[in-house]
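Asker: Listed below are the residues making up each chain.
There are 2 protein chains.
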Amino acid sequence: MVSYNGTFDSIVLNLSQGNKDELREIFGEIHPYDQAQILMLLSKENRRLLAEILTDEEMAEIIQEIEIEQQKLIIDELGIERYSKIIVEMPSDDAADLLGDLDEERLNQVLNLMDDKEEADLRELMEHPENTAGGLMTTEYIVLPEYFTADESIKKLRKIAPDAETVYYLYVVDEDGRLKGVLSLRDLIIASPETKIYDIMYERVVSVPIDMDQEEVANLIDRYDFLAVPVVDKHQVLVGIITVDDAMDVLAEEASEDMAKLGGIGGGEAGILDINVNAFDAAKKRIPWLALLLCIGIFSGNIIAQFEDTLEAVVVLSFFIPVIAGMAGNTGTQSLAVVIRGLATGQFAGKDTLRLIKREAGVGLIIATTNGILISFIAAVWQKNIVLGFVIGLALWITLFVATLAGTIVPLIIAKLKIDPAVASGPFITTINDILGLTIYFTVATMLMGYLV
Amino acid sequence: MVSYNGTFDSIVLNLSQGNKDELREIFGEIHPYDQAQILMLLSKENRRLLAEILTDEEMAEIIQEIEIEQQKLIIDELGIERYSKIIVEMPSDDAADLLGDLDEERLNQVLNLMDDKEEADLRELMEHPENTAGGLMTTEYIVLPEYFTADESIKKLRKIAPDAETVYYLYVVDEDGRLKGVLSLRDLIIASPETKIYDIMYERVVSVPIDMDQEEVANLIDRYDFLAVPVVDKHQVLVGIITVDDAMDVLAEEASEDMAKLGGIGGGEAGILDINVNAFDAAKKRIPWLALLLCIGIFSGNIIAQFEDTLEAVVVLSFFIPVIAGMAGNTGTQSLAVVIRGLATGQFAGKDTLRLIKREAGVGLIIATTNGILISFIAAVWQKNIVLGFVIGLALWITLFVATLAGTIVPLIIAKLKIDPAVASGPFITTINDILGLTIYFTVATMLMGYLV
Numbered sequence: 128m129v130s131y132n133g134t135f136d137s138i139v140l141n142l143s144q145g146n147k148d149e150l151r152e153i154f155g156e157i158h159p160y161d162q163a164q165i166l167m168l169l170s171k172e173n174r175r176l177l178a179e180i181l182t183d184e185e186m187a188e189i190i191q192e193i194e195i196e197q198q199k200l201i202i203d204e205l206g207i208e209r210y211s212k213i214i215v216e217m218p219s220d221d222a223a224d225l226l227g228d229l230d231e232e233r234l235n236q237v238l239n240l241m242d243d244k245e246e247a248d249l250r251e252l253m254e255h256p257e258n259t260a261g262g263l264m265t266t267e268y269i270v271l272p273e274y275f276t277a278d279e280s281i282k283k284l285r286k287i288a289p290d291a292e293t294v295y296y297l298y299v300v301d302e303d304g305r306l307k308g309v310l311s312l313r314d315l316i317i318a319s320p321e322t323k324i325y326d327i328m329y330e331r332v333v334s335v336p337i338d339m340d341q342e343e344v345a346n347l348i349d350r351y352d353f354l355a356v357p358v359v360d361k362h363q364v365l366v367g368i369i370t371v372d373d374a375m376d377v378l379a380e381e382a383s384e385d386m387a388k389l390g391g392i393g394g395g396e397a398g399i400l401d402i403n404v405n406a407f408d409a410a411k412k413r414i415p416w417l418a419l420l421l422c423i424g425i426f427s428g429n430i431i432a433q434f435e436d437t438l439e440a441v442v443v444l445s446f447f448i449p450v451i452a453g454m455a456g457n458t459g460t461q462s463l464a465v466v467i468r469g470l471a472t473g474q475f476a477g478k479d480t481l482r483l484i485k486r487e488a489g490v491g492l493i494i495a496t497t498n499g500i501l502i503s504f505i506a507a508v509w510q511k512n513i514v515l516g517f518v519i520g521l522a523l524w525i526t527l528f529v530a531t532l533a534g535t536i537v538p539l540i541i542a543k544l545k546i547d548p549a550v551a552s553g554p555f556i557t558t559i560n561d562i563l564g565l566t567i568y569f570t571v572a573t574m575l576m577g578y579l580v
Numbered sequence: 128m129v130s131y132n133g134t135f136d137s138i139v140l141n142l143s144q145g146n147k148d149e150l151r152e153i154f155g156e157i158h159p160y161d162q163a164q165i166l167m168l169l170s171k172e173n174r175r176l177l178a179e180i181l182t183d184e185e186m187a188e189i190i191q192e193i194e195i196e197q198q199k200l201i202i203d204e205l206g207i208e209r210y211s212k213i214i215v216e217m218p219s220d221d222a223a224d225l226l227g228d229l230d231e232e233r234l235n236q237v238l239n240l241m242d243d244k245e246e247a248d249l250r251e252l253m254e255h256p257e258n259t260a261g262g263l264m265t266t267e268y269i270v271l272p273e274y275f276t277a278d279e280s281i282k283k284l285r286k287i288a289p290d291a292e293t294v295y296y297l298y299v300v301d302e303d304g305r306l307k308g309v310l311s312l313r314d315l316i317i318a319s320p321e322t323k324i325y326d327i328m329y330e331r332v333v334s335v336p337i338d339m340d341q342e343e344v345a346n347l348i349d350r351y352d353f354l355a356v357p358v359v360d361k362h363q364v365l366v367g368i369i370t371v372d373d374a375m376d377v378l379a380e381e382a383s384e385d386m387a388k389l390g391g392i393g394g395g396e397a398g399i400l401d402i403n404v405n406a407f408d409a410a411k412k413r414i415p416w417l418a419l420l421l422c423i424g425i426f427s428g429n430i431i432a433q434f435e436d437t438l439e440a441v442v443v444l445s446f447f448i449p450v451i452a453g454m455a456g457n458t459g460t461q462s463l464a465v466v467i468r469g470l471a472t473g474q475f476a477g478k479d480t481l482r483l484i485k486r487e488a489g490v491g492l493i494i495a496t497t498n499g500i501l502i503s504f505i506a507a508v509w510q511k512n513i514v515l516g517f518v519i520g521l522a523l524w525i526t527l528f529v530a531t532l533a534g535t536i537v538p539l540i541i542a543k544l545k546i547d548p549a550v551a552s553g554p555f556i557t558t559i560n561d562i563l564g565l566t567i568y569f570t571v572a573t574m575l576m577g578y579l580v
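If you read the sequences in order, they're chains V and L.
Mapping the first sequence onto our numbering, position 368 (from 1) lands on 495, and the numbers just tick up by one.
Mapping the second sequence onto our numbering, position 396 (from 1) lands on 523, and the numbers just tick up by one.
Warning: the hint list may mix true and false statements.
If chains are identical, the list can't say which one is meant, so a pair holds when it fits in one copy or spans any two.
[To be verified] Lysine-lysine pairs mimicking PhoX-like chemistry, simulated, CA-CA at most 20 Å apart:
id: 1; residue 1: Lys307; residue 2: Lys323
id: 2; residue 1: Lys485; residue 2: Lys361
id: 3; residue 1: Lys485; residue 2: Lys412
id: 4; residue 1: Lys323; residue 2: Lys282
id: 5; residue 1: Lys411; residue 2: Lys485
id: 6; residue 1: Lys212; residue 2: Lys199
id: 7; residue 1: Lys361; residue 2: Lys171
id: 8; residue 1: Lys545; residue 2: Lys282
id: 9; residue 1: Lys171; residue 2: Lys411
id: 10; residue 1: Lys171; residue 2: Lys199
id: 11; residue 1: Lys323; residue 2: Lys511
id: 12; residue 1: Lys171; residue 2: Lys323
id: 13; residue 1: Lys543; residue 2: Lys282
In short, the hints are calculated from the structure, not lab data.
Take the sequences, apply the hints, and build the full model.
Answerer: Below is the structure:
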């Protein structure tokens, strides 16, 4: 990685001496992500000085790299007019995302300062649900006429490239704006200068509908190794493109959400795993979930209470409560992880669901049998009681088989019903399986009570 | 998405009629990923016919998209000579990955058929550990002399583009091969034709060392929105590049590994969440882990056994075993999810670790207090026993605080010690916290025994 040793100090020095040209030169060599880091490290006064030296375009590149909270600070520092000019220079998808996080009043102030077309474009982009292709796309793509030659196209690119989000994929549309073809800049470069676009473009374009879920879009871009994918409305009209950098962000975001789901933190809300949130806010998001699980846990206790007589007669049964409940939770969480990940990577087609259930049933059977035999043996030796060993082994055998299936089927049903998948989180499955496990355990023990006492 | 309705049938028809030109035209319009799907759906005989019609370059594009098991099938069908020729046409990073999965005998057969330079290149690539920048990089990048003009560069690109993995980033090196600058094809297109490369190239190049962990590389590409990043050896000599599509694959792979970790399946081995593995193999990977947890679970039982007298005197204490153990596991898993995700996204700098521990201590305190009060109340009302409510509440209060910290600190220590992070998996933390919870619970109950009976 690049090292910026000394750069920061030299920027501060040049700021104090007002060497604008030198500053522009030093700063211009730094990647926008790092420029943003440096900008936020500066004092308020120095930040103001630097912002004055930079153009709106340069500031736009930097602002994109800053967290929304810090952006609000920057709005206040720069003033709403400068901010509005900077927003206009940003890729439209990023601009819409940022504006979507502003409060109503600031948003209107910023938009009112733009010309009508820019305002209308951004308002329209902001209307698409955030988690869909529409919410992710940018409208700054390049369309070429199919009758252009490669050489004419490159000349045109030279003019319009600075405004486009990517110049590496170029699109061809018919008179109604419907997507007709795609070619890459690579194809264009390789082609001899007089070749016509319609001779080198691909006509079987892979595109995504505007309402496609963002995770599906990201998986598609990943699968096809695309740098961008075009977005079309229901009439196949090209309305935007989604670039690979945004697809990567989606993959990372969805991975965090899946972890939050499995970990049972607020059900997969983005940012919930953020280590920068303060303790109070972090606790506030976890507590409702824990309180719910506590109540379900009391329900498990109630099951044991139902079998109080059995337990009073054979206190040793209580020794195995943690292992029965725990193992039910463990095997269920394993199956759940497979299902969540499968759903996330779009591995499931219709018939795969049934195949997965059958597979997990098989897994459950093998796991139940091996662990059932193991615990029988341990229990029998530990408590010097072969009958007890048999009871515990049988209970665990049934429990593990049922718990593995529950860990597979419950989240699949929940996903099918399109209920908030948070409900299928790790601790939820664990707690459900606790209850199943204890019920099975005490039922088996009570039925075989005669042999135990 | 593109629909291939009818395409498959028309390919089969044209194969049976031997219409080579038509086949090439239909097939050429299809994306390699889909070509691969179609190829694998064909009968063995039709697959052989189609493979004969396609060039080595075309086959190379297709083969990349096929799973390794099916590739081995293809080697047998095509014969080792054709396969060797195809491998040479593949991007060197993909070729090295594939060859790395072959058995020694097949590998040597394939390599012996190549010329010496190709063989040496691939053997060298295969030597880098799979999970590092070296294992991920391709050696097919484009280097331009800094004294070239934009126009000369584009002309050169036209010639060499077909062999490079990406033409969108171009690199400049000094006489010793050290990385000196980078420019994008976009910069090149925008520049006026007579501009020299050294006037438009960026000299502060972000590069990665050859031994950098692949997850760090992927996070860096994601953070900077790069299409590729150059890889350098310890002398800053350019040795390869890593492209964004490979970075995306890494992110997806690492997300699966993290899920497997949290779910406690074989500790994050890649592919372990694959729904296509058969039941026996899936069970084989989960059983050792479950068996270990079973033994630890018996240890929990042993703790209860230590308190047999307490339990015989107050059987009602057993009703709360599931909720105490369960809640300890739940809060620990929540903290663990935060830590695993934080490690994966590289959020942790040195002092962040301490800050996170403090934050989680705060979270633990809040969670413990609210849930402690809640369960006190429920237990007191349910069992009509205020003292019991107090004992349960106090036990849960201590348990949740300790369990939250354990869920944070244990995986951090394990990561620090560079022990296999599998050990810090969800069920492991859950089980550890079960033991902690039960010990605390029965200790508190035994100490306050006098007030309970």
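Asker: Run the structure past the numbered hints and jot down the numbers of the failing ones, going up.
Answerer: 2, 7, 8, 9, 11, 12, 13
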